[in-house]
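The task is simple: from the sequences and hints, build the whole structure.
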Amino acid sequence: MRAWVLLSAVLWYLTRVKLYVKLHHNSPILVCMDLKRAEKETVDPTYLWVGPNEKPLTGNNKINITKTGKLMVKDFLEPLSGLYTCTLSYKTVKAETQEEKVVKQRYDFMIFAYREPDYSYQMAVRFTTKSCVGKYNDLLFRLLKKILHNLIADLSCHIIEPSYKCHFVKVPKHGLIPELFIAFQVNPFAPGWKGKCNESVDCQDNTNHNILQARNRIEEFFRSQAYIFNHDFNKTLPAMHFVDHSFQIVRIDSCRPGFGKNEGLHSNCATCCVVCGPETFSPDVDVTCQTCVSIQIYGAISCP
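For reference, each letter of the sequence shown is one residue, going -19 to -1, 1 to 285 in mature numbering (1 follows the signal peptide of the UniProt record, and there is no 0).
If you're looking for bench data, these hints aren't it; they were derived computationally from the structure.
Please note: incorrect hints may appear among the correct ones.
What the hints assert, rightly or not - Derived CB-CB ranges, DEER-like:
no., residue 1, residue 2, range
1, 48, 142, 55 to 63 Å
2, 193, 42, 33 to 41 Å
3, 58, 268, 17 to 25 Å
Glycine included, every Cβ here is placed at the ideal spot set by N, Cα and C.
The structure is reproduced here in structure tokens:
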């Protein structure tokens, strides 16, 4: 009768993968096995998953681990970010001697919570005017603000930081023409914006959808002004009118507290607001996580 001999041989293969999970969504299914191993038979496999707190992942209703070692994290939140490690143990058996070896392979997954940036838009337009002095410029400015406000009021968006300056512009064949250079920002957080969240957890999908709608309406408004200019064959436009091709728009991204952008660190999610890691924090609406060495958690919003 052959003797059964168990030889303990520990082999470590370290593979680290960065993954990004949108806040309040489920993680992808993490497999405790690489593709090469998956194409072979595996004898007596066991799986040990360890979470960011360096404790085995058991007894957590957010963690789902199958008998074949596949893991999924449900309703992902900031504190769930960090290093997830799975150790696959299995045996190799020599048929002629029944000699067994225990092989261990380790797989590392760095998982980060992320959210989409909050969008706002910086816009600029120009209008001709009669003069750089007089009350008419201020009247036009106030009228334009009112029109734009009415265009987007139902979207819980509003116009912020509006301003204008008058400059003289040398136009070919027309000499110097006074023009109003108008700038403003379109923001999705008008008073009462949370009331239209449609039971969303953090309302971000709603606010970003609304701000995109607001942008489209304002673009269409100035496009119609350009149409009037280009199709007035009698050239009877008033002295104060929209300057064709003057509309400019730039998207401005911001991140919620506890999140920031870092293209170098998170190149696979460069446009995402990724949770601030240990030793960093973000206290307000910005795009940068600041340094604070005393912080050891993910998603910090202040420095002790």
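Status of the hints after comparison with the structure:
1. Taking the beta carbon of each, residue 48 and residue 142 are about 58 Å apart, inside 55 to 63 Å as hinted.
2. Residue 193 and residue 42 have their C-beta atoms about 36 Å apart, which keeps the hinted 33 to 41 Å range intact.
3. A hinted range of 17 to 25 Å holds for the C-beta pair residue 58 and residue 268, which are about 21 Å apart.
In the structure shown, no violation is registered for any of the earlier numbered hints.
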